[in-house]
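K.L.:
Letter by letter, the chains look like this.
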Amino acid sequence: MALSSIFGGASPSQQKTVSSASSNGITDQLRNQITQELAVANATELVNKVTENCFKKCLNSPYADGNENCVDQCLAKYMRSWNVVSRAYIARIQQASTSGDI
Amino acid sequence: MKNHHLNDILSFHVTSQVRQSKCLQSTIPNSSMSSFSPQDLSKLDDKSKKEIASFLEVENSKQKVQMSIHQFTNTCFKECVPTVDSGDLNAQEEQCLNNCVNRFLDTNIRIVKGLQSLN
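Residue numbers (our numbering), protein chains in the order written: chain A, 1 to 102; chain B, 1001 to 1119.
Please keep in mind that the hints were generated in silico from the structure rather than gathered at the bench.
Among the hints, erroneous ones may be present.
Short derived list, chain B residues pointing at chain A, Cβ under 8 Å [as the list claims (entries may be wrong)]:
1. E1051
2. S1054
3. E1059
4. S1061
5. Q1063
6. N1074
7. V1084
8. L1097
Label pairs and their computed distance ranges (CB to CB) [as the list claims (entries may be wrong)]:
9. R87(A) <-> R1110(B): 19 to 25 Å
10. L59(A) <-> N1119(B): 14 to 20 Å
11. Y63(A) <-> K1047(B): 53 to 59 Å
12. L1115(B) <-> V40(A): 33 to 39 Å
13. N1108(B) <-> R87(A): 46 to 52 Å
14. N32(A) <-> K1047(B): 43 to 49 Å
15. T98(A) <-> R1103(B): 19 to 25 Å
16. A76(A) <-> N1102(B): 20 to 26 Å
17. N1119(B) <-> T44(A): 35 to 41 Å
18. N32(A) <-> N1099(B): 36 to 42 Å
19. V1112(B) <-> E52(A): 42 to 48 Å
20. D65(A) <-> N1099(B): 32 to 38 Å
21. G1087(B) <-> R92(A): 24 to 30 Å
Derived pair list, reagent style PhoX-like, types lysine-lysine, alpha-carbon separation capped at 20 Å [stated by the list, open to error]:
22. K1064(B) <-> K56(A)
23. K49(A) <-> K1078(B)
24. K1062(B) <-> K1078(B)
25. K49(A) <-> K1050(B)
Where is the CB? At the ideal position from N, CA and C, for every residue including glycine.
So that you can see chain A by itself, here it is in the shape it has in the complex:
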């Protein structure tokens, strides 16, 4: 009942077609939600890693002043590094798969 109530309910005669339509709705919803949560998880991971790295490279004890210019450049560098690493890793995976190692 919960299923059909999402889609406004259905009389018993309509049950069959509606249940498959509802099913599609639920799978789409699930997909979207999973995709969205993965994106959030990836963004969070990225923010944490960049913050950790750039904090270390741009600020020094006793942390009296910020160094915004360095942090901005560090972020740009980190993103470029991410792309370089990503390309190298994907190339390696592809190489392994074409040579039959995978």
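Fit chain B to the given chain A structure using the hints.
P.N.:
Below, chain B alone, put in the same frame as chain A:
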């Protein structure tokens, strides 16, 4: 023998997998965004269940690759980018990042082989 390399490369970082599978598990029952209940999920027909299962499998391996890239970038950035004086990578830093990823994977594969040979 060779077949294991895929797993080496794809299932790379144990902690990232754990983190990720936690993330996927939490997706269904706990999410605040969720507008369907676990009971709704049990009502899915077999076709939809299969569809979801294969979707999860694909997303799972994509996510493993993503988490590995996060990990490599974190590790290699620390080693290859000593100072920040511009927003661009110089040629040396870029080469170092490339080498770092490849040597890390070489090391991983060698470790796995070494452990396998113990059996």
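K.L.:
Hint compliance check: list the failing hint numbers for this structure, sorted ascending.
P.N.:
Violated: hints 2, 4, 10, 13, 14, 19, 22, 24, 25.
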